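Colleague: Below, each chain spelled out in residue letters.
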Amino acid sequence: MPVKIAPKPFNPAAEQAEFEQSLTPGSFGATANFVGTMRNYNEGDSVTGMALEHYPGMTEKELDAIIDDAKKQWDILDALIVHRVGQMHPGDPIVLTAVWSAHRGAAFEACRFLMEALKSRAPFWKKETLADGKHRWVERNTSGEA
Amino acid sequence: MPVKIAPKPFNPAAEQAEFEQSLTPGSFGATANFVGTMRNYNEGDSVTGMALEHYPGMTEKELDAIIDDAKKQWDILDALIVHRVGQMHPGDPIVLTAVWSAHRGAAFEACRFLMEALKSRAPFWKKETLADGKHRWVERNTSGEA
Amino acid sequence: MSITVKFFASLREQIANPVTDVDSALASTVAQVWSQATDAPMPEHVLCSVNLEHCESNTKVKDGDEVAFFPPITGG
Amino acid sequence: MSITVKFFASLREQIANPVTDVDSALASTVAQVWSQATDAPMPEHVLCSVNLEHCESNTKVKDGDEVAFFPPITGG
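Chains as they are written, first to last, in the numbering used here: chain A, 1 to 146; chain B, 1 to 146; chain C, 1 to 76; chain D, 1 to 76.
In short, the hints are calculated from the structure, not lab data. Here the structure is a predicted model, which is why all the values come from computation and not from measurement. Any given hint could turn out to be false.
[Stated by the list, open to error] Using C-beta positions, here's what the derived DEER-type ranges look like:
1) D:P18 - B:D68: 29 to 39 Å
2) B:K72 - C:P43: 21 to 31 Å
3) A:T24 - B:K4: 19 to 29 Å
4) A:T24 - D:D63: 49 to 59 Å
[Stated by the list, open to error] Derived BS3-like pairs (lysine-lysine); straight-line CA-CA distance at most 25 Å:
5) A:K134 - A:K8
6) A:K61 - C:K62
7) D:K60 - B:K61
8) A:K61 - C:K6
9) B:K61 - B:K127
10) B:K71 - B:K61
11) B:K4 - D:K6
12) A:K119 - C:K6
13) C:K60 - A:K61
14) D:K6 - B:K61
15) B:K8 - B:K127
[What the hints assert, rightly or not] A few chain A residues facing chain C, derived, Cβ under 8 Å:
16) I94
17) V95
18) R140
Beta carbons are placed, not taken as given, at the ideal position from N, Cα and C, and that holds for glycine.
Chain A extracted, bound-state conformation (with noise of 0.2 Å):
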């Protein structure tokens, strides 16, 4: 299953690793991943926690169709997403892409994609638990300049 959604800790290495033993040793030469993980501050604010909803069923939907999107585009050989919903703290991995390719190219540029699309089109929300035990919710996603 190339899309996961993690409701406890994950471990990206691992979510990797195990994925990559469906492939064929030598049959790619390229692997590009990203790893999203929360920071302990925001917007200028000490951040100590953060629970991610997303909406089961069209979330898994969403990031199946981003990763034929992807399988498009570039010729890649697969691609994986995880990512994490429910309660988590600073330096919780939130995200993994991963993707497999013959040539740097196709992976680091369907990675990035994996990402951006992510950002836009699946849906989950953020609320931050601040320093101070107040709430609030993650208005928009910076672009993938920021």
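Put chains B, C and D on the given structure of chain A with help from the hints.
Modeller: Showing chains B, C and D alone in chain A's frame:
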């Protein structure tokens, strides 16, 4: 040490995890990495082995300079390059580049930069062993578009 | 003869007493589903879906559909 | 009073009997180091370095320098 020449097979995920321990959890939000892996084919031929030669001293110096250049160009926390040398086999990791930053744009772009710079500036040379036992030097790196 | 309605994230907290089902005879577009489900005006940046697909507020709906409303996406 | 010379990869295999030291009185540029080190003509795409830094064939050299010649880079 953000630059490592590996004369034996290395585990990219383990190298990255070990290096990441030097960074403060929660201080970074983005990690981009790339792993180049030896394929079992190249230019239409079956490849059974590869010897990677480097220029001890200059190679390390050039990799250090590439990381310095990335740090000047992007707002990143740190970067790691591990590159294999010696006799290797299909499926073996050849190179790992990894970048840690607050935001994803810098991590993606700097990681790509490290690979492109390494492929044009860092003195490494590949000699392939083909299925018929003959050897041939790889003549030129492809551009990142390939 | 009903349409299922869901609200997510900050919208779910903001909408007082949202209904979870709307009479499909009273709503033929997503915007009309909103109006039937709550007295609140639809926020400017609200996103919506019909049957797990992103949609527009003028997208047509029919009996048995699942319509969802949610704020801008902040995952990843 | 000498300059150390190194050849790498395919160049090292191609150059018959390369010398590893060149008299610095006989070579003031990288190209002249090449000519002193081997009878072979310098290949079109050869790269060079002086003291572990990339250089051009007209780069000046002096006693004690290490000059290296190598084919296009194929790492990564």
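Colleague: Are the hints correct? Go through all of them and say.
Modeller: Hints, verified against the model:
Taking 29 to 39 Å as the suggested C-beta distance range, the pair D:P18 and B:D68 conforms, at roughly 33 Å. Taking 21 to 31 Å as the suggested C-beta distance range, the pair B:K72 and C:P43 does not conform, at roughly 43 Å. For the pair A:T24 and B:K4, the beta carbons lie near 28 Å from each other, so the given range of 19 to 29 Å is met. Hint check: A:T24 to D:D63, Cβ distance near 55 Å, so the stated range 49 to 59 Å holds.
Using a Cα cut-off of 25 Å, the hinted pair A:K134 and A:K8 holds, with the two alpha carbons roughly 23 Å apart. For the hint linking A:K61 to C:K62, the alpha-carbon distance of about 21 Å falls within 25 Å, and the restraint holds. Proximity of D:K60 to B:K61 is assessed by CA-CA distance (about 21 Å); at most 25 Å being required, the pair is judged to hold. A distance of roughly 17 Å separates the Cα atoms of A:K61 and C:K6; the hinted pair therefore holds under the 25 Å criterion.
About 23 Å separates the Cα atoms of B:K61 and B:K127, which keeps this hinted pair within 25 Å; it holds. Our distance criterion of 25 Å between C-alpha atoms is met by B:K71 and B:K61, whose separation comes to about 15 Å. The hinted pair formed by B:K4 and D:K6 meets the criterion: a straight-line CA distance of about 23 Å does not exceed 25 Å. For a cut-off of 25 Å, the pair hint linking A:K119 to C:K6 stands: about 21 Å separates their Cα positions.
Straight-line distance between C-alpha atoms of C:K60 and A:K61 comes to about 21 Å, which keeps the hinted pair within the 25 Å bound. Between D:K6 and B:K61 the CA atoms are separated by roughly 17 Å; this keeps the pair inside 25 Å, and the hint holds. Using a Cα cut-off of 25 Å, the hinted pair B:K8 and B:K127 holds, with the two alpha carbons roughly 17 Å apart. For A:I94, the interface hint holds, since its Cβ comes within 8 Å of a Cβ in chain C; the closest pair sits about 7 Å apart.
The criterion of a C-beta within 8 Å of any C-beta in chain C is met by A:V95, whose closest approach is roughly 5 Å, and the hint holds. Satisfaction of the interface hint for A:R140 is found here, the shortest Cβ-Cβ separation to chain C being roughly 5 Å, below the 8 Å cut-off.
When held up to the earlier numbered hints, the structure conflicts with hint 2 and nothing else.
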